[in-house]
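Got chain A sorted already, so can you dock chains B and C onto it with the hints?
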Amino acid sequence: MKAKLRRMTNSKLFTLTLLLIVIIVIFEILSKGKLLSFKNIRSILQSVSVVTFLAIGCGMLLMSGNTDLSLGGVGTLGPMVLAFCIAAGLPWYVALIIALISCALCGLGNALMVNYLNFPTFIATIAMASISQGIAYLISGGKNIDMKDPTLNFIGTKRLFDFIPYTFIIAMVALVIYAIILRKTKFGRSILLVGGNAEASRLAGLKPKKISFILFVNASCMACLAGSLMCARVKTATTAGLSGSQFTGITAAILGGISFGGGTGGMMGALVGIFILNVFNNAMQLVGLSSYYQTVMSGVLLLVALIYDKIMENNRMHRAITAK
Amino acid sequence: MAHSLEFKNIGKLYPGVKALDDISFRTEGGKVLALMGENGAGKSTLLKILAGDIKQSEGIYLLDGKEQDFKNPHEAILAGVSVIYQERQMIPALSVAENIYAGFLPKKGGGIDRKTLYANAQKIIDKFGLHMDAHTKVARLSVAYQQMVEIMKAYSRNPTVICFDEPTASLSDAEISALFRIISELKEEGKIILYVSHRMAEIFQVADSIVVLKDGKYVTSMDVADASEEKLIRAMVGRDIGDTYANLKRNDKYGDVVLEVKNLNNAKVHDVSLTIRRGEVVGLAGLVGAGRTELVRAIFAADKVTSGEIILDGQPVHFKSPHDAIKAGIALCPEDRKEQGLVLFRSIRENTTMPVLSELKKGAFLDKKKEKEIAQEAIEKYDIRTDTMEKLTTQLSGGNQQKVILGRWTNSLMKTKLLILDEPTKGIDVGTKAEIYQMVCDIASQGIGVIFISSETPEVIGVADTIYVMHNGRITGQLKREEATEEKILALAMD
Amino acid sequence: MKSSLFKRVLRSKLLPLVAVTVVVVAFFGITTNGFLSASNLRSIMISMCLSGMIGVGMSMLLISGEIDLASGYEACMGGIITALLIKAGIPWPAALLITIAAGAVMGGILAFLVNKVGLMGFISSMAMISVYNGLDYIVTKAQDVTITAEHASFYSLGAGTVGFLPIPFIIMVVLMIIYGLILYKTEFGRTIYMTGGNRAAARLAGVNRKKITSILYINNSAICALAGSLVAARMHCANAAACTSGSIDAITAAVLGGVSFRGGDGNMGCLFIGVALVTFFNSGLTASGLQSYWQIVVQGLLLVVALCIDFVNERSRQKALSQVAI
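For the record, the sequence lines run as chains A, B and C.
First residue of the first sequence: 1, per the working numbering; consecutive thereafter.
First residue of the second sequence: 325, per the working numbering; consecutive thereafter.
First residue of the third sequence: 820, per the working numbering; consecutive thereafter.
Be aware that a few hints might be false.
[As the list claims (entries may be wrong)] If we take Cβ atoms under 10 Å as the criterion, some of the chain A residues that face chain B in the derived model are:
no., residue
1, R183
2, K184
3, T185
4, G188
5, V194
6, G195
7, G196
8, N197
9, E199
10, R202
11, A204
12, G205
13, L206
14, K209
15, R316
The set of hints was computed from the structure by calculation and includes no laboratory data.
Beta carbons: idealized from backbone N, C-alpha and C, even for Gly.
Excised from the complex, chain A in its bound form (with noise of 0.2 Å):
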């Protein structure tokens, strides 16, 4: 029991949850009591919805050794699409699909470059990005798109006990079942050892092209899901969207624990570097600093997550070559 105490207190998610808990109290005193209230609370949920769905696609490519820097403009593609089939008089669930099945095509085109045509997948995936933010402005024509479809917008916007937003409460859903995966599946587990040697593994049967197909389509679709549900509260497909907040995703996932490099990390990581991510960001606004000081945190903090994760990195190393 208290060897398990131990382990448990060393853990990486036990160092970031205290780190937010720190957080979270400074801030707290600095605004003045508002970061706490019950209405800024309501607002951090919403906001950590959105980037849990692009944690979660980052999160799961980065274990398995791979980045995605194309999210940001398939997350405005994906919305774009719903609200044009919707518009054009769809069900919202004919276009959702056809919505997924777009943003879907975007991460098979990532997989074909990266696997493939051996493309580096930074440059691959910020093609991509160009592509899909272009599509999207041509669906659009230039202009937002309205999104009004009652189902839709009742997601989008209500919150359960006027507390909970639903799309917190999709976010949190996604994450168990992902979660879950990653422990509990083949599929999961295939993606950590590939993550940590992908010629070793194939060497032992599994299959890594396979995954990395998987992963991109999956990111992919991950992005369109959270840029609708952004668009689904402000009721209108912008052509901004999404664009920019492919860094968000992977901020959080590596600051959650979920190392640069793959092979390490799980989701409840990911879900506290969500929280750290959106609390900071929420109490810059609070203490009065503009969104640019956001933008600027928000590559300040990757840049902090990355030294960090590559300490780790060295540390592990250094264990590994020392433990003989």
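Leaving out everything else, chains B and C in the frame of chain A:
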């Protein structure tokens, strides 16, 4: 005054392994000294020390009577030592001349003196009698020509010592003649030449004297005039086999043919045919680069096969990936267990169950209880020294890591028919090696066919029932254990 | 067998690239009115400057095996800094120098992250995109920073001409020539190829990779800052949205021009043709009435095409290097 190079009591210690032990010998300018020995004899290590790439653990080396201590390759080059490695160090986008003079480009004013650069380079090219334009980008050259550029690069630094490490591996006869002509010119210029090669014929053609290393130790030296192939082979092999192999409980019951390979071809394998029966341990012997790893990778579908047949249990098979091969019952323990065998930062449990994850499913999820049973089975069967199965494999010793990989392929959920082991005892201590030999024989006793690759000839003779020898991607001979000797195998493995 | 200069030009990557450029120019020249008019050509040449100058710094980095994706944003920052300084009354030559110094600092940050901390260039520079982007907006308070008409001499730097050629174009060409000479004629230039082409060989030849990459990062950011200033000069103002697509344009142009992604290959001549091709192509699309958002798609597709070509080149290169004559 002739140049001289002397090694005095050179030793190099790696964790668990003594790569070089008390090496001492001397050579002079104007002579070609050949370094011979089997794999692992220490030849490359000695060259790397001389080149400043690694540092010796003990002993000194002297150039022209002065003690040297190169801290990095650059210092060695400045001191007059040039080593031509097997792996080419070319910059493809730059021209031949720029590669020859890389790091030492002639300068004029603030920039490169192009005229001198190309003129000097062309002079060297002409001196070597090659048909090459100094302006050509190296990327356009054939591998053989790139090798020549590598040699010219070493020459351009006006070295006192030039070392060749298997220089003729990718050269045609004409180019080899050019090389030997160059070497004789270098001799005339009074340079010291070290020549490492496995090709007997070449050694007799180009060398003046030979030093033989074995297991990191100096064995003997002789003048080429007094040498003969038998004498050399006897010097290179012949060690105390001891009781390790005598005490092995072997399997002597063979079943049907489990694997038949017919005329297999790919980029590195040429027209290979062999058969393995159930319960038989087939050894693949040969020198590094003989194509043994490439052959088993082709069988395992880790590499593509260009032509030929693979017949498993009487049925021809066409695997598209290792996944298919594993499902059909073929298993491979790769040569590089850390890079290709294990996922280092995951636990023993996860590593041992990698191929059988599909069989561990209970509904949609993994049956954790069954997984732990399988992992425990592997730990007990192979006596893996650990207190918990959750230990990360990176924290295990080499021997235990190898056992994890063995355990992966022989648990009760795997229906392995053929187990391939590529250098399974590399870097492992003697005690664990003996354990592994017995485990291999026990596996064979269960009716599984085994392919055993090793560059240590006594190991192959000790463990295998039938031995195939390979050279340059081809099978050069087949021997039964009873009739095999180290000399015979080495003779078949060399050219 | 001395291959003549003629044969070497024929075999090089330059020829197909020039051919495609000529085809593109001809196509748009025929199908669009006024495409080849003097004023349009002049404006195309001015457009080439941003991606061209960024491309110079970027190519140096790419050849050495590194990358800086924040280049466009560094240019934006440069323009803003210059505009602010001029507005504050500092004469423009001094403002330019300070801007270049600021660019050097930006490059220094990346050099630190890549060399000292050990992060990868692409993700660090991507993080810096957010930092610079946010800072751009904060510093300008999300408004244009105007450079009033009294700074006519500065304006002419950005929009003036010497004879037929716009001044920024001349500056770009001069930079390409200077850096092309550095790459070709100096030992430093050759070591850049070595660092990118074969790290092991570079190490054995005693090349200090970290020093080279630091220099190149600082160099790139300084050039980008300067490029941004020139754009600001021409536009009479700087704002936080300017130059942001500069990185992608520059990379596309460079890769099309034969600067390999894996490092160790490419030169300034090819970069110039690549820049010309991309700019003419984009201009032609705009001139033929294609909406701006199509252009974003085309931008992405062009990059994919460039990468495919690079991929094919790389494959044939690897094949040649690995053939063993058995």
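Query raised in the report: Taking each numbered hint in turn, which are not upheld by the structure, reported in ascending numerical order?
Result: Every hint satisfied by this model.
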